[in-house]
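*Asks:* Listed here are the chains, written in short residue letters.
4 protein chains.
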Amino acid sequence: MTSDITESEKTLPWDDDALHEECGVFGVTGVAEAANFVALGLHALQHRGQEAGGIVSHDPEHGFNSARRFGYVRDHFTKASLMETLPGPLAIGHVRYSTSGSKGNTQLRDVQPFFGEFSLGGAAIAHNGNITNAEALRRELIDAGSIFQSSSDSECIIHLMARSLQRKVPDRMMDALRRVEGAFSIVAMTRTKLIGVRDPLGVRPLVLGRISEGVYALSSETCALDIIGAEFVREVEPGEMVVVENGELQSHRPFRQERPRFCIFEHVYFSRPDSILGGRSVYETRRQIGVELAREAPAEADLVCPVPDSGTPAAIGFSQESGIPYAMGIIRNQYMGRTFIEPTEQIRNMGVRLKLNVNRALIRGKRVILVDDSVVRGTTSRKIKEMILDAGAAEVHFRIASPPTAWPCFYGVDTPNRDKLLAASMTEEEMRAHLQVDSLRFITLNGLYRAVGEADGRDATCPQYCDACFSGDYPVTPTDQIEKGFALKAAE
Amino acid sequence: MTSDITESEKTLPWDDDALHEECGVFGVTGVAEAANFVALGLHALQHRGQEAGGIVSHDPEHGFNSARRFGYVRDHFTKASLMETLPGPLAIGHVRYSTSGSKGNTQLRDVQPFFGEFSLGGAAIAHNGNITNAEALRRELIDAGSIFQSSSDSECIIHLMARSLQRKVPDRMMDALRRVEGAFSIVAMTRTKLIGVRDPLGVRPLVLGRISEGVYALSSETCALDIIGAEFVREVEPGEMVVVENGELQSHRPFRQERPRFCIFEHVYFSRPDSILGGRSVYETRRQIGVELAREAPAEADLVCPVPDSGTPAAIGFSQESGIPYAMGIIRNQYMGRTFIEPTEQIRNMGVRLKLNVNRALIRGKRVILVDDSVVRGTTSRKIKEMILDAGAAEVHFRIASPPTAWPCFYGVDTPNRDKLLAASMTEEEMRAHLQVDSLRFITLNGLYRAVGEADGRDATCPQYCDACFSGDYPVTPTDQIEKGFALKAAE
Amino acid sequence: MTSDITESEKTLPWDDDALHEECGVFGVTGVAEAANFVALGLHALQHRGQEAGGIVSHDPEHGFNSARRFGYVRDHFTKASLMETLPGPLAIGHVRYSTSGSKGNTQLRDVQPFFGEFSLGGAAIAHNGNITNAEALRRELIDAGSIFQSSSDSECIIHLMARSLQRKVPDRMMDALRRVEGAFSIVAMTRTKLIGVRDPLGVRPLVLGRISEGVYALSSETCALDIIGAEFVREVEPGEMVVVENGELQSHRPFRQERPRFCIFEHVYFSRPDSILGGRSVYETRRQIGVELAREAPAEADLVCPVPDSGTPAAIGFSQESGIPYAMGIIRNQYMGRTFIEPTEQIRNMGVRLKLNVNRALIRGKRVILVDDSVVRGTTSRKIKEMILDAGAAEVHFRIASPPTAWPCFYGVDTPNRDKLLAASMTEEEMRAHLQVDSLRFITLNGLYRAVGEADGRDATCPQYCDACFSGDYPVTPTDQIEKGFALKAAE
Amino acid sequence: MTSDITESEKTLPWDDDALHEECGVFGVTGVAEAANFVALGLHALQHRGQEAGGIVSHDPEHGFNSARRFGYVRDHFTKASLMETLPGPLAIGHVRYSTSGSKGNTQLRDVQPFFGEFSLGGAAIAHNGNITNAEALRRELIDAGSIFQSSSDSECIIHLMARSLQRKVPDRMMDALRRVEGAFSIVAMTRTKLIGVRDPLGVRPLVLGRISEGVYALSSETCALDIIGAEFVREVEPGEMVVVENGELQSHRPFRQERPRFCIFEHVYFSRPDSILGGRSVYETRRQIGVELAREAPAEADLVCPVPDSGTPAAIGFSQESGIPYAMGIIRNQYMGRTFIEPTEQIRNMGVRLKLNVNRALIRGKRVILVDDSVVRGTTSRKIKEMILDAGAAEVHFRIASPPTAWPCFYGVDTPNRDKLLAASMTEEEMRAHLQVDSLRFITLNGLYRAVGEADGRDATCPQYCDACFSGDYPVTPTDQIEKGFALKAAE
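Residue numbers (UniProt numbering), protein chains in the order written: chain P, 1 to 492; chain S, 1 to 492; chain L, 1 to 492; chain W, 1 to 492.
The hints are simulated quantities; they were obtained by calculation from the structure and are not laboratory data.
Treat the hints with caution; some may be incorrect.
If chains are identical, the list can't say which one is meant, so a pair holds when it fits in one copy or spans any two.
What the hints assert, rightly or not - In silico EDC-like cross-links for lysine to aspartate or glutamate, where the CA-CA straight-line distance does not exceed 20 Å: (1) K355 - D309; (2) K168 - D143; (3) K420 - E430; (4) K484 - D419; (5) K383 - E231; (6) K355 - E342; (7) K79 - E345; (8) K484 - D473.
Please work from the sequences and hints to get the whole structure.
*Replies:* This is how it looks when you write it as structure tokens:
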């Protein structure tokens, strides 16, 4: 495999007990210095991927221009010296956490957007999601003589496009995407066109914004439209391809129509609270999850405290519904980064204490409800419990704003193997005992569906969302994973 | 002046409409790899200074070892390769925002701790505060042949120590500090001693912690004791010098006793909410400020929203007292840094939008109370108001968790010149009109004193705190500033 | 074209009035830490390319490992931290000046070795030379759906290999190289094989060395065998492919046999004087050129001075043959690098003075013969003449150790366009007048052939060497160049 | 000592078997962008110190500006971005190898020029040489309360100046230098004056150049005047202080007059061959050393080969006098740097092979005379002998262009301790046996004096040069060294 050719930097994530969105994408056309807009958009999408970022622009004089960097957008793509190398009115960009195949060992050539030169023109693409038949496609393409440069599943798309017999890039892309299984929200560009596509199920988000008449932007989330002052027009629909050229927006439907199944975890955790998903405020949905949780799983306590920052809206909702005062019992260090370069042993062992500290004077002697977004491996929850008890709390009650995460995601979220997921092998009560807390309750799947606006809860025969991480019900068969031995949930 | 010899890097703070604590200090003795503890302590104190940091350690083999770096503690002082150069059981450290004299143009040699070699031994010192007669002392020392290497006011102390006729370092330090006017909390070290001192008024904080029997730490705040698992013993008292040697703690009183006047703004803004100041939880004090504010200045509204993150505890208190729901109407981008290196024009102009975004779906049509910690120049408040109105808010009411900041601080806080302070030339109503909001109210000085636990409010004849930034009542004459033309408040 | 996607660093070569070899290649198999040997070999070949270098190694645990860096070998490939990432007993490497297509704007992805994963295994290749039909091949491959990642002509080879229907890598390589026109000396590797190939004319050098029984190395020049203590076995022959696997050396002859035409300029300038080419000491050949030159073009003078360092051996020979004392009239600054990053205007204008200085006390009043290796644009010769006259020389006589360079090289040497070559449009006398020197003489083509050991000079009907840069007689049709408008020499 | 406070980078010199000049100094006044001239001058003086460099300039708007960098001048002081920070018409600079006290562990604060602010103005100084009573002065100054920032002996001067009761900087400098013992050539500046001083013996060189009327430069060597196009006016005389202000040159004689004793090793090795010392071409002197050596110590041989590059002129002279052909038997790799950062074990062990390679085809079967500049530890000579014999030489005869180096230099040259000097404990014949060569001969002290123009050789009662490294006759008592236990040569 190409993936065994490596140019790594040794960095260590400070904490791997969390789920991570793998990517954010952004594109804009019709503005001077488009790359500056893309940089701002990517900065607003930084929560979707902090490892690296890239921007490709096109201008008539230099053609396609590209820059990729490890680290935060603001550390590189704000500098005049770099942005001057990215001129032109059309640009796309990407932020990434890591790709399938090379976790923790990413190389700059794995950083998107990817660029390909075709017989009648070139194209760059930025992909959010995951291709579930990427390995099969990769083998097929290698057999046919394609040379892969990265370990990214997304590179398949550009090779399939290169081999398409179609002449126009959008047509090549449709050809390619019909071969691809999985979840994808793509922003792509040719010399003159800005293109957005979502897979038929619409698992990952992608929205369309308008800066001014005929000037469009595409973004993973609406919060990135806000930062550039763009108006939110609508979501790119599941299965839709939009093409913007010369200020004209065209819509195509290259795929067979299916019932959409948007990722419900985007509501719970991945998206920013100031984004709008499916017409709903993400913040308000999360607050409502807290409300549902307070109804489903009340507790007698003195304080409701969020595990910062992701548990905050649900904690507010829980407090409001339960009447128990909301308080900042755990304080987050704002100056904590995502990785360490060759840390000392002592620093490595600090783990969550580097990021979180208990507000000791507040907690002492109190019965505390802690609201967190999810439990993955359980290691963080356990450390937080210890910190809270060390500080003298009388009781600790965990309330989790999502159902138990018992199945890995194969659609663009970085989850541990199933055997590392606490909920894969334990019941709620077993987890409570394992974490040694006074109580532990997760929101039910139906409660979560209610919180996102489905008054009747989950439609078991035809679920409204992708909730595979909770239910094991995978809307797209994870072909590569099954080949590697992953066992689907037994039919009940 | 030495300060005209410069080796700058061109960086721009993204926003200068805030007050900034200038420093945090930390020291530990009696542990293996003391510098690792100091690094953790400084990481926990990073909110007190983000520009640069330094650590000095001592070990018998190499003597004094030093490392200073621009940027965050976690980016440098977590790496094994650097920490290996700082061996030994005794270490002190410093984080800084900037010093008097070279704002925005700091050089590595201005970064503390400072080291001096004396006739019978050497010492390193780290200083939080500001020396108000530093320029006079500097002139005097230069006339006598001392060579200054930095533009920092703190360097005077080490030169005064070098010229002391005392033989022991603590005695030299007492000699030196008796010549110094202003505010100082100092952590210092010799080859065998860890030393902490606070000025007679105790303007800046300094606390003593114990890791185990005979193993002590000194820190600006208690939150940094928590991260290393140290127990909070007590504050170093105003006017006290503590010396730890061979596990023995000694206390000295080198200064004439005065009534303490701790900085009240540490409660409002500078200290971390999980620290304990004067026996009180900082978080709880801030929440109480919100309660007082809701009593003093109620408003009819649909939502109480903090300006994140500093306004959050007061907003919680305001909501609890007023019964108006608390909500996250403004979302903070966690990936915003403190500075830009040569940014593009467009990025520079984004200002606060790079950091904050309005939760549009939540705010639309609502009457919103915004709770912020302070108003300095008013530029940020104005932009926030615009963002809130753009998002469709029906009314905007500002509630400020501190009295009007009408006077600069000369005791270790970076404040603009008086003519830049909005409150220096405007009444509350004029500021409201200037900001074009529906209402604007500051907590009263007495309300603030009540919130910090003074039930009877401020003792006008003998104030319990330093509140010069609000009152213009300077407990130490700012000699250097007066010489440069600063006019004290006219006697009433 | 892919080449219009750029990630440049702005650097400026300090002087472009010279010919530059484009590459050096090295490989070794059968030793522990093979990459360390390759690093040493590349260091010894640094004169063949200073812009960038790369090493690929293979070890059973990690598979293929790769590192590429801009700058000198010694600045990167000597560090333990980097070399640890290149484990294994088999490694190849490459140093480069620049490739066709992206001069002065090289990107890391243009740096070799290139790696490709094929259906039954992968391979890495490092190429010295130039493919004269690369653009046609590239178009063909792109039409068929291959995606190019670099602007290098060498990448064609790996794509042709990927598309070969052969199963074994050496067979794939033979397939590919039969499609390729031009000059190439290639070192390649699979997981288990070290491979060396030279084009049928053997334009570029490639030698085989033996470290111990069954432990082989391949190198552009013998000087790199010396540094690792390897014995020089023989040259890889023109048109030969050698394959080393498990200590066994096999030889293949994949091409139709042709009369070899080795690059005569390797003798004059490119190769290191301590290398052996075609059984002859390069140093001795150059000294002999000086002898021939002294016979063909004597001059009355006081001193013979080399233009350092390349003119030195010929100047020694000239002195010995003529009896005129040899002297170091021009001193070279050893601390001059190859490029500047954004230099000041003044520095940029210094040109050759940054590198060379006249030994004024020696030169004053003297008649000086300057011996240089070649005249390209003539700009350096002119500056040197001015420096010599400024220093008070009485007469300046230029003697050039190569015939007039009147034609560009298309076989792996970086030459300016023909209209920039002084000798393309001027006779010897016109050049003398242009340079304003007392005399200017080039060695004749026959004299040069004699110096390399052809006692009867050049065989006009069937020349023994490639001397296209002097004669315009191109042994391989430069297809791409002709398509772009290059006019071959008219038949006489 | 201050020197025990360290901020090191781990680098290793690739070879420590050589003597190293410790510094070069340069200054200019009266030109626009003076720092650019200084950068060029320092580039030409880079052979005098490769570890680090610094420039201080002064302009009316910003005052004094400073930049110091590790590494070569051309890598830093050619960039527009750095040079823009050094505006003004007056500048001085310094390149250094390392200072006494912190060899191999230099810190940026040890890099000159040093700057001091005095009561009536400031000054910067750059020093070449060594102060032999620095430690005594340092103790005295520390006792009086001066704080040292570096481990450099040169810092004493600036502290002595700061404490002078004189008002003008040149007068302060005279005061200071009268306290100083040892060797010094100093270039200094105030806001308006450029100052040059040489110690009474004139051990280190310093020359005066003129760019145009009233526009002066000071430089360690004349080769650096050449690069900026300045005319060589004269040497600053031993014991002279020159002051240039407003285009006027003044000369002072602050010291008691003594018979000069210039360093004879500057002729042999340190100075560049294109410099003029004491009215003589350095190149010509070295060639003459070869002539003397051929007369004193002839040998029957086939070739005379220099050990590059320092042995080259003497080898030419030896060849010319003996009639034995001169040849480049050893080839130097031009791409070898001075240091390694954390090299692999294998690279570290390569030693001299990384830099030198034998021209095997030339040497095989030949009787070879190798001419080298000096023998220090003998380790390099031994490796070269081995390389030559490995290549098949029949005989190896070493001829050394200096007398045996038996004593360390305390006047600004980095020499090993005496016990590491081969000649300190061995006779010529013992050294020959130790090196296992066929013959080994050093030039005699009288021969060397003849070569530098003293027809009658050395005046034993009153030597014309400082030749302490050969004779043990120290013209200035090395006070600090004696205190540390160094034993002077016993009186005979």
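*Asks:* So, for every hint listed, does it hold in this structure?
*Replies:* These are the hints, each one checked on the structure:
For the identical chains of this complex, K355 and D309 are neighbours both inside a copy (11 Å) and across copies (16 Å), given an alpha-carbon limit of 20 Å. For the identical chains of this complex, K168 and D143 are inter-copy neighbours only, at 13 Å across copies versus 25 Å inside a copy, given an alpha-carbon limit of 20 Å. Proximity of K420 to E430 under the C-alpha cut-off of 20 Å is restricted to the intra-copy arrangement: shortest distance 15 Å within a copy versus 60 Å between copies. Taking identical chains as interchangeable, the C-alpha atoms of K484 and D419 lie at most 20 Å apart only when both belong to the same chain, with a minimum of 15 Å there against 61 Å between chains.
Taking the shortest Cα distances, K383 and E231 sit within 20 Å of each other only across copies (19 Å), while inside one copy they are farther apart (43 Å). For the homomeric pair K355 and E342, the shortest alpha-carbon distance inside one copy (18 Å) is at most 20 Å, but the shortest distance between copies (30 Å) is not. With identical chains, the CA atoms of K79 and E345 are at most 20 Å apart between copies only, with a shortest distance of 9 Å across copies and 34 Å within one. Taking identical chains as interchangeable, the C-alpha atoms of K484 and D473 lie at most 20 Å apart only when both belong to the same chain, with a minimum of 19 Å there against 59 Å between chains.
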